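The listed protein sequences derive, respectively, from chains A and B. Using my numbering, read the first sequence as starting at 1 and increasing by one per residue. Using my numbering, read the second sequence as starting at 1 and increasing by one per residue.
This list has only true hints and no planted wrong ones.
Below, in silico cross-link-like pairs of lysine to aspartate or glutamate (DMTMM-like), each with a Cα-Cα straight-line distance of 20 Å or less: (1) Lys275/B with Glu310/A; (2) Lys303/B with Glu274/A; (3) Lys304/A with Asp35/B; (4) Lys304/A with Glu314/B; (5) Lys303/A with Glu274/B; (6) Lys304/A with Asp32/B; (7) Lys275/A with Glu274/B.
Hints were generated in silico from the structure; no laboratory data involved. Computed from a predicted model, the values in this text were never measured in an experiment.
Chain residues, written in single-letter form:
Protein chains: 2
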Amino acid sequence: MTSTTDIIQSIGKGSIRAIARALSKVENGSSDSTDILDKLFSRQQGFTIGITGPPGAGKSTLVNRMITRYRKTDNSVGVIAVDPSSPFTGGALLGDRIRMQSHASDPKVFIRSMGSRGHLGGLSGATRDASCVLSAAGYSPVIIETVGVGQAEVEVADLADITLLVLVPGLGDDVQSMKAGIMEIGDIIVLNKADRNGIEQLESYVKASLEYMPPGLKRPDVVRISAVNGDGLEDLWDAIDRLVAAQTVESRISHSAVTTLSEILKENGLLFFEKLLEIEYNGRKEAEELILAGQLSPYAIGKKLLERAERIFEHNGSK
Amino acid sequence: MTSTTDIIQSIGKGSIRAIARALSKVENGSSDSTDILDKLFSRQQGFTIGITGPPGAGKSTLVNRMITRYRKTDNSVGVIAVDPSSPFTGGALLGDRIRMQSHASDPKVFIRSMGSRGHLGGLSGATRDASCVLSAAGYSPVIIETVGVGQAEVEVADLADITLLVLVPGLGDDVQSMKAGIMEIGDIIVLNKADRNGIEQLESYVKASLEYMPPGLKRPDVVRISAVNGDGLEDLWDAIDRLVAAQTVESRISHSAVTTLSEILKENGLLFFEKLLEIEYNGRKEAEELILAGQLSPYAIGKKLLERAERIFEHNGSK
Chain A
1 MTSTTDIIQS IGKGSIRAIA RALSKVENGS SDSTDILDKL FSRQQGFTIG ITGPPGAGKS
61 TLVNRMITRY RKTDNSVGVI AVDPSSPFTG GALLGDRIRM QSHASDPKVF IRSMGSRGHL
121 GGLSGATRDA SCVLSAAGYS PVIIETVGVG QAEVEVADLA DITLLVLVPG LGDDVQSMKA
181 GIMEIGDIIV LNKADRNGIE QLESYVKASL EYMPPGLKRP DVVRISAVNG DGLEDLWDAI
241 DRLVAAQTVE SRISHSAVTT LSEILKENGL LFFEKLLEIE YNGRKEAEEL ILAGQLSPYA
301 IGKKLLERAE RIFEHNGSK
Chain B
1 MTSTTDIIQS IGKGSIRAIA RALSKVENGS SDSTDILDKL FSRQQGFTIG ITGPPGAGKS
61 TLVNRMITRY RKTDNSVGVI AVDPSSPFTG GALLGDRIRM QSHASDPKVF IRSMGSRGHL
121 GGLSGATRDA SCVLSAAGYS PVIIETVGVG QAEVEVADLA DITLLVLVPG LGDDVQSMKA
181 GIMEIGDIIV LNKADRNGIE QLESYVKASL EYMPPGLKRP DVVRISAVNG DGLEDLWDAI
241 DRLVAAQTVE SRISHSAVTT LSEILKENGL LFFEKLLEIE YNGRKEAEEL ILAGQLSPYA
301 IGKKLLERAE RIFEHNGSK
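Take these sequences, add in the hints, and give me the full structure.
Given below as structure tokens:
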């Protein structure tokens, strides 16, 4: 099973080994990963749920509940647990991962930890491509779990068809930094650990924050749950189902087409300009030395490479 | 004063009008902005201080104090107040801006609000280029103030030679989302409003968080201040001076060369691939329609454009 065609065919037959193989290729940015993704892109049929929030918010417990829920309706469920590089959360994630293993023996649950390693598009690029593989392999939903509301997490959350921001009491109404998350992420804001003190305060803070959203933007639903004892989960499933029902395979592919195309242009643009830099200036190191020597600015280098690249239009005409 | 040479010359003579003109060109991505930046890049002599933290942390009061401090030693001080697009903070920033106007009549203080408007590199690209203009015009320090610890802020903070993360009591030790900031931003962590309840708790939380930093990374200094009544400011100035003294003009230009070159490659790469997309597929809209019609995947489009671009190597040889 080495050729792209073999891998695609085996994925079509549900081979776990072929899926794992494709994921590794995609994650490491292998030379044939583009062909694999090309074949799989239009086969995506399912939907993706992104889940983010601070460490300790109970995201993995919620993911576990969600797996159980979708397994009841015989869906195959994919989980991409995005490993942030921060050592802070490494420990917590590892523990969470083990908890999720209650589904580990279920062949219809595929759990994958994700790093950015060799992927040109970084963590969000790697996650996007992994999600494409799992979705094309028939997993629906594909659940993407990330930690935090920083740069990487917002990007990853943008990939999903439906995004949940999970918060817990104790953050207080002065947690200004959460506002970014509330504004930028979240079709549904999940208030977890609803049995804890401070849940009222958290809910009124969240709702007050939402008041400031620009008109025209859709306000997220706010749902209280306790992932541990199960309270409120039916409300959450209803909220998710409503969002899923409002989308179609076409609307999801359309969203994915727009964002994926954008990112691929960026990734390939950088790849090509790195090559140009190699040819014109023997690569980054020598270019940097020219800058330090005061001979060229980064702006002049950029301009020269762009002009060089644009010569292609003269040589190749319009087709 | 329309030619690039005129603008550069006038900036050299300290013309405020020329500086403002250059900043506008840079911010809007005018066609001649690259030439202006090219000429100015190697003239940067000063250092930049990035200041970030949640709204209400007292950043602008601190910036005011900092301006006063550097004006005493007759430095010209530039301030770039980065306007996040979030409507949340718009109000607060506006107020802060007015407070900073105590220095507005001082011709050696240049304050500029910054949006991302037409800039290819977004907010951080626009800020990077504005900082280049001010630094080359003789302002030192150039203070870059941003709000929050989200994606844009981390990027902007990365630009500065020295970065301060400003926190205030009341965030509590469960503000997990601040950890990203503590880890990713901050040569100096400033604990402002040190006269408030909770300062002890905040300091021990911050210090405990720092324990988890990977070995080899430099731990930030932690300094308590009260920007309003001036307590602790001497300690903060000392901490900044130590960091400034540990750098040289060369080390700063070197850092700037590396990050600026990276970003310019990305920006120009995207620009070029957008043009290729225009030629091959009549632009984004039509490409997206092909994807939705199931005729092509974004991956296939990316691959085709990359192959097309690489034909330049065949036609042009190695020089």
